[in-house]
Structure formats: structure tokens, C-alpha cells
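Trainee: Below, each chain spelled out in residue letters.
Protein chains: 2
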Amino acid sequence: MKHSEPLQMPIEEAMRTQRAIRRLKPDPIDDALILHLIELALKAPSGSNAQNWEFIVVKDPQVKAKLARLNRFAWSIYGGIGRRLAGSDERMHKIMNAVQWQADHFEEIPVIVVACIKAIIPPWPPLAATGTYGSIYPSVQNLLLAARAAGLGAALITLPLWSLFLARRALGLPWRITPCAVIPLGWPKGRYGPTTRRPVAEVVSLDRYGNRAFLASSQPSARS
Amino acid sequence: MKHSEPLQMPIEEAMRTQRAIRRLKPDPIDDALILHLIELALKAPSGSNAQNWEFIVVKDPQVKAKLARLNRFAWSIYGGIGRRLAGSDERMHKIMNAVQWQADHFEEIPVIVVACIKAIIPPWPPLAATGTYGSIYPSVQNLLLAARAAGLGAALITLPLWSLFLARRALGLPWRITPCAVIPLGWPKGRYGPTTRRPVAEVVSLDRYGNRAFLASSQPSARS
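Protein chains in written order, with the working numbering: chain A, 1 to 224; chain B, 1 to 224.
It should be emphasised that the hints constitute simulated quantities derived from the structure, not laboratory data. The beta-carbon is built from N, C-alpha and C at its ideal position, and this holds for glycine as well. Please note: incorrect hints may appear among the correct ones.
Taking CB as the label site, the calculated pair distances span [to be verified]:
1. A:Ser-4 <-> B:Gln-8: 37 to 45 Å
2. A:Asp-30 <-> B:Trp-175: 19 to 27 Å
3. A:Met-92 <-> B:Pro-61: 38 to 46 Å
4. A:Arg-176 <-> B:Glu-5: 45 to 53 Å
5. B:Asp-89 <-> A:Met-92: 47 to 55 Å
6. A:Arg-84 <-> B:Trp-175: 36 to 44 Å
7. A:Thr-195 <-> B:Ala-128: 19 to 27 Å
8. A:Trp-187 <-> B:Pro-6: 20 to 28 Å
9. A:Asn-49 <-> B:Gly-210: 42 to 50 Å
10. B:Gly-190 <-> A:Gln-100: 44 to 52 Å
11. B:Ile-77 <-> A:Gln-62: 43 to 51 Å
12. B:Arg-69 <-> A:Ile-77: 39 to 47 Å
13. A:Ala-98 <-> B:Ala-86: 42 to 50 Å
14. A:Glu-5 <-> B:Gln-8: 16 to 24 Å
If you want the ones that stay clear, here's a sample from chain A, every Cβ over 10 Å from chain B, calculated [claimed, not checked]:
15. Arg-23
16. Trp-53
17. Arg-69
18. Ser-76
19. Arg-84
20. Glu-90
21. His-93
22. Gly-151
23. Thr-195
24. Ala-201
No farther apart than 30 Å at their CA atoms in a straight line, the calculated lysine-lysine pairs in the BS3-like style are these [stated by the list, open to error]:
25. A:Lys-118 <-> B:Lys-59
26. A:Lys-59 <-> A:Lys-118
27. B:Lys-66 <-> B:Lys-25
28. B:Lys-118 <-> A:Lys-118
Assemble the whole structure, with the sequences as input and the hints as a guide.
Mentor: Here it is as C-alpha cells:
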């Protein structure tokens, strides 16, 4: 695929086969492709169309190593708790093995994208927080979908950002820019494929919470 | 278009032509189509794959009226400030006219979707906030893209949620569920079309913030 060519995958196929791909090959990714993906990320909406975003494309081994250390530290705590909570849930352990792989091989991932918002997010009021995160995560989702359509492996993680102070220091970010999400990118070792989700009628209410009006009418289909 | 048919629009076309469509016709939308869009929303990633989302599909005029009042109240304050800040910026005034139209005609919008997360979002640490909002906004973006591919008008707004207490009361939400985003849906009066964005090389840094390494190499293209 030429990197300048538009991504042609039908949108529904991209959404249905998007999944976190954590085991990545160390092979490099063309800069033009990375910029193409981020350009599509910028097409997402942002509050008041302010486009207050900043993307850091990390390829330098030294910066990667710093993010890897931050990720490993958070995972050493969070992963331990997670494994205990997972108990005998096979699927959770499979996910955690992939996260472990990612933590162990973080330095070998060819490109780490850090999505940031040019704002300090106040803890209050909640409207400010949802408005601010709502101005960066739609673009992150565009990036993930575009990566999927391009055949690149990607995942959305936040553990390397457990300390905003240390994350800002690793990336040379001023205090008024907040890193929000980390997206490791690389050619996948594994494969994309359909995901399983709760049936839509179980998470949709009509008019008021708890009114599961669509439970009866919804037919099981190949889609769900 | 049959509502059970997969959405076929190429992903890049959907992303490049997605924009907030606020002027909507009052014509009804088929329930099956709404569920189809939300089903695709559920395909987005969520933290630890917890899928802690809840979607309220509001069609009842009484509930709509409550959200309309909340929206109008916030807009009466925010819009006044906005108009003063916009000065003579034509584009901002065009956006604000559309938001004003939306506020004036809120009750006529056929469907209002409220995306919620089954969590109380703690003001601290930031990792909890970004992880939680990062578990709902990717699905909101899927919903917006799917709406665009289906030819439905949509926008992402948060003003009706300025008071979580009143928003929860309007929607019958328990306190442990947080409404995060509101998406008015309807058949568009206007048209979708390409959006303008800042050039990608201006918002991307290599390795450390401020290193605009791609500024020189990036060629102006039809894409940007």
C-alpha cells in the first residue's frame, strides 16, 4: 500500500475487526504512514473546534526507554492486582499475557504515539474534564481505526502516564500540556479479528436508565 | 439503505467528511438503525475491556424537554461569552449560529443519545480520569463515524451535562453512572463535507515536544 493512498477499508469492517494488538514486530514504520494516520486523527471533533491537540511520535530509544520504565513500574503494581482479580478467567489472563509481553518488549516497539491536549485539566467541574478528554479521545479512536485499516497493530494504553510529572519530563512537555493516551504502533505479530461484546440491547435504555425496551425486539444476528 | 446491511463507506472518506451537523430534520429514525450505530460504538476499546458503558436513547418528548432546558441554560451563559470572544471571526459565528439553532430546536430532534460510563470519575489521580473517559469517548467517536456513514447528522455536545445532578435526574441515572456525552441524531438539513484542520506537521513532534521534525519533510498535498 502506498502511504499517500486513502484507506479504503469499509468503516464497519474496520470497527468490527479493530482490537488491541500488543505483540508487534520491531520493523520500522514509514514516517509518511504515521503522519497519514495522525492526519486522520485530526479529523475528529474537538470542543469548540479548538484542535488543541499535540501528538508526540516517539522513535528515539532513549525516550522509549523512559516510557518503558514508567509503563513497567505501573504494570508491576496494576498487573499483580489484575492477576489476582482475574482468578481463573482464561480470557483475562490471555489479555494480561499480552500486556506483559508489551511491557517486556516496550523498547522494541517501533513507534510510540502519545496523544496530548494543550490544556491543564481541572479536577472540577466535571463538564471541563469531559469536554477536555472528549477533545482528544475521538482523535485517538480515529488513529486506532486508521491503523487497523492500514494493517498496523495498535493499542490504547494509559499506564505509562501514571505520573504526569514523570511523563511530561520524559517527553519534554510543558506543564500546560497534558498527555492523555499512549498508542504503541507496529506491524502485528498476531492477527486482527472480530471481537466479542455484550449484546447491544443490554446496554441501551430507552428514555430512562433501566428501561431495556430493545431487549425484546432485538433479534440475535450475525452482527452481535 | 437497509438497516441490517453493513456500512460500506471507506473509512478514510468517513473520517474526512465527518463534521458536526446540528440542523436536523424532525423525521423519525428507525430503531434498528440506532441500535446498529450503538452496536458499532460498542466495538471500540474500553479500559481492561470492561465495557462499562450505558447508552440512553431519548425519544420521549418529556425527557427531551428536560435535556433541552439544561442545554439552553448552559448555552445562555457559555454562548454569550463565546460570542464576545469570537469577535469578528466569521467561522466561529457560523458555528455559534448552528449551536443556537440546535438549542432553539432541541425538542424537535428525533433522537438524543446519551453516552454514560458505569463509574464515578474521581477527580484524582489523573490516570483514573483519562482511563475512564478513554473508555467511553472512543465508542462515541465510533457512533459519530457510523452515523456519518449512514447519512445521519450528528454532533458531540456536553453542555446539557453541566449539572451531573440534574442530568442524572432527567435520565433516571443512579449516582454511580456518569453521563459523559450527548449526541443529537437526525436526518441532516445540511450536508456533510470536508473539514479544515491545522496541518498535521504543526501538531506533531518527534521524540520530544517542540521538535517539529516533519515540518520540513511534509509536502502540501490534497489531503491536508
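Trainee: Does each hint hold? Answer for all of them.
Mentor: Each hint tested on the structure:
Hint check: Ser-4 of chain A to Gln-8 of chain B, Cβ distance near 23 Å, so the stated range 37 to 45 Å is violated. About 49 Å separates the C-beta atoms of Asp-30 of chain A and Trp-175 of chain B, a value inconsistent with the hinted range of 19 to 27 Å. Between Met-92 of chain A and Pro-61 of chain B the beta carbon distance is about 43 Å. The supplied range of 38 to 46 Å therefore holds. The hinted range of 45 to 53 Å is satisfied by Arg-176 of chain A and Glu-5 of chain B, whose Cβ atoms lie roughly 47 Å apart.
At roughly 50 Å, the beta-carbon separation of Asp-89 of chain B and Met-92 of chain A lies within the given 47 to 55 Å, and the hint holds. In this structure the supplied range 36 to 44 Å is violated for Arg-84 of chain A paired with Trp-175 of chain B, their Cβ-Cβ distance being about 28 Å. Distance hint check for Thr-195 of chain A and Ala-128 of chain B: the Cβ-Cβ separation is about 24 Å, which falls inside the suggested range of 19 to 27 Å. A C-beta distance of roughly 27 Å is found between Trp-187 of chain A and Pro-6 of chain B, which places it inside the suggested range of 20 to 28 Å.
The hinted range of 42 to 50 Å is not satisfied by Asn-49 of chain A and Gly-210 of chain B, whose Cβ atoms lie roughly 24 Å apart. The given range of 44 to 52 Å is respected by Gly-190 of chain B and Gln-100 of chain A, whose C-beta atoms sit roughly 49 Å from each other. A C-beta distance of roughly 47 Å is found between Ile-77 of chain B and Gln-62 of chain A, which places it inside the suggested range of 43 to 51 Å. Between Arg-69 of chain B and Ile-77 of chain A the beta carbons are some 45 Å apart, a value that agrees with the proposed interval 39 to 47 Å.
Range check, Ala-98 of chain A to Ala-86 of chain B: about 47 Å between beta-carbon atoms, so the 42 to 50 Å window is met. Between Glu-5 of chain A and Gln-8 of chain B the beta carbon distance is about 18 Å. The supplied range of 16 to 24 Å therefore holds. Every CB of chain B is more than 10 Å from the CB of Arg-23 of chain A (nearest about 16 Å), matching its label as outside the interface. For Trp-53 of chain A, the non-interface assignment is contradicted: its Cβ lies about 6 Å from the closest Cβ of chain B, within the 10 Å cut-off.
With a closest Cβ-Cβ approach of about 16 Å to chain B, Arg-69 of chain A is found to remain outside the 10 Å limit, as its non-interface label requires. For Ser-76 of chain A, the condition that its CB be more than 10 Å from all CB atoms of chain B holds, with the nearest at approximately 15 Å. Separation of Arg-84 of chain A from chain B is adequate, the least Cβ-Cβ distance of about 14 Å exceeding the 10 Å criterion. Listed as a non-interface residue, Glu-90 of chain A keeps its Cβ farther than 10 Å from every Cβ of chain B; the least gap is roughly 13 Å.
For His-93 of chain A, the non-interface assignment is confirmed: its Cβ lies about 13 Å from the closest Cβ of chain B, beyond the 10 Å cut-off. Every Cβ of chain B is farther than 10 Å from the Cβ of Gly-151 of chain A; the closest lies at roughly 12 Å, confirming the non-interface assignment. Not every Cβ of chain B is farther than 10 Å from the Cβ of Thr-195 of chain A; the closest lies at roughly 6 Å, contradicting the non-interface assignment. Ala-201 of chain A, annotated as away from the interface, has a beta carbon of chain B within 10 Å; the closest lies near 7 Å.
For the suggested pair Lys-118 of chain A and Lys-59 of chain B, the alpha carbons sit about 36 Å apart, so the restraint of at most 30 Å is broken. With a C-alpha separation of about 22 Å, the suggested pair Lys-59 of chain A and Lys-118 of chain A falls inside the 30 Å cut-off, and the hint holds. For the given pair, Lys-66 of chain B sits about 20 Å from Lys-25 of chain B by alpha-carbon distance, which is consistent with the 30 Å threshold. At most 30 Å may separate the alpha-carbon atoms for a hinted pair to count; Lys-118 of chain B and Lys-118 of chain A meet this at roughly 27 Å.
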